[in-house]
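Can you build the whole structure from these sequences, using the hints too?
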Amino acid sequence: NAGVMQNPRHLVRRRGQEARLRCSPMKGHSHVYWYRQLPEEGLKFMVYLQKENIIDESGMPKERFSAEFPKEGPSILRIQQVVRGDSAAYFCASSQGQAQETQYFGPGTRLLVL
Amino acid sequence: AQTVTQSQPEMSVQEAETVTLSCTYDTSESDYYLFWYKQPPSRQMILVIRQEAYKQQNATENRFSVNFQKAAKSFSLKISDSQLGDAAMYFCAYNRDRGSTLGRLYFGRGTQLTVWP
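Quick note, the sequences are listed as chains A and B, same order. With our numbering, letter number 40 in the first sequence gets 43, and the count goes up by one each step, no holes. With our numbering, letter number 45 in the second sequence gets 78, and the count goes up by one each step, no holes.
There could be a bad hint or two in this list.
As the list claims (entries may be wrong) - Restraint ranges, calculated between C-beta atoms of paired labels, are given here: (1) 61/A / 63/B: 18 to 26 Å; (2) 90/B / 13/A: 38 to 46 Å; (3) 150/B / 117/A: 33 to 41 Å; (4) 85/B / 10/A: 32 to 40 Å; (5) 17/A / 44/B: 36 to 44 Å; (6) 13/A / 94/B: 25 to 33 Å; (7) 48/B / 53/A: 37 to 45 Å.
Claimed, not checked - Heads up, incomplete: computed chain A residues facing chain B, CB under 7 Å, no partners named: (8) 45; (9) 46; (10) 48; (11) 51; (12) 68; (13) 105; (14) 110; (15) 111.
The set of hints was computed from the structure by calculation and includes no laboratory data. All of these numbers come straight from a predicted model, not from anything done at the bench. All residues carry an ideal CB built from backbone N, CA and C; glycine is no exception.
As structure tokens, this is what we get:
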């Protein structure tokens, strides 16, 4: 049973480019969460999605960031016009249900903005 | 807002000894969930243990156990018979049971555990 898959594992972008991060949840999981980890810090919630729905995006910056979880395919976190401050590790987690269900994390995508 | 505090940025322990990592949290809820995650150098987030607030019994997973003090809002992790592979960053996390922010985990800043041979 494969765990949460994220790709790419490492992504380098120049300022102003777009970054697209992908997350495939565990089999049977329909809830996806994205978190960001800045150096020397804990993870910060960004967005919570179910299939074709954004449930809670209150942790996501209003501009340049968007997320989706289509009916078919992985969840995508998209960052437009990246800036150096976007450099971080982005983790995706999935669960079968909501709060009572444990979230299982992917290996993360390390984004470096030059 | 919910906050999770880990007051020990770094801890160290001798192999085979016991170490306790501290975590406190702030909430007005009565039902919630608490977790300890481990992040080794690979940076993969690995679930160590979870605790439901409505359960009085402390959770245990092999060498890992928690001391959950609901009134004090304290949730410490005890690692017994420490092994070199336990060396990692440990994060305490909180999850509400209801409300508009249902689903999101709130993390502490982490405790870096070093295990000496």
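Hint-by-hint comparison with the structure:
At roughly 23 Å, the beta carbons of residue 61/A and residue 63/B sit within the given window of 18 to 26 Å. Take residue 90/B and residue 13/A: their Cβ atoms lie about 42 Å apart, and the range 38 to 46 Å holds. Taking 33 to 41 Å as the suggested C-beta distance range, the pair residue 150/B and residue 117/A conforms, at roughly 39 Å. A hinted range of 32 to 40 Å holds for the C-beta pair residue 85/B and residue 10/A, which are about 33 Å apart.
Look at residue 17/A against residue 44/B: about 39 Å separates their beta carbons, and that is inside 36 to 44 Å. Here the CB-CB span from residue 13/A to residue 94/B is close to 32 Å, well matched to the stated 25 to 33 Å. A C-beta distance of roughly 44 Å is found between residue 48/B and residue 53/A, which places it inside the suggested range of 37 to 45 Å. Taking 7 Å as the C-beta contact cut-off toward chain B, the hint placing residue 45/A at the interface holds, the least distance being around 4 Å.
Given hint, residue 46/A at the interface with chain B, holds; its Cβ is 5 Å from that chain's nearest Cβ, closer than 7 Å. The beta carbon of residue 48/A is positioned within 7 Å of a beta carbon in chain B (closest approach about 4 Å), and the interface hint is therefore held. Here the hint on residue 51/A is kept, as its CB sits about 5 Å from the closest CB of chain B, short of 7 Å. Of the supplied interface hints, the one on residue 68/A is violated, with its beta-carbon coming no nearer than about 16 Å to a beta-carbon of chain B, more than 7 Å.
Because the smallest distance between the Cβ of residue 105/A and any Cβ of chain B comes to about 6 Å, under 7 Å, the interface hint for this residue holds. Hint status for residue 110/A relative to chain B: holds, with the closest Cβ pair at about 5 Å, below 7 Å. Hint status for residue 111/A relative to chain B: holds, with the closest Cβ pair at about 6 Å, below 7 Å.
Checked against the numbered hints above, the structure violates only hint 12.
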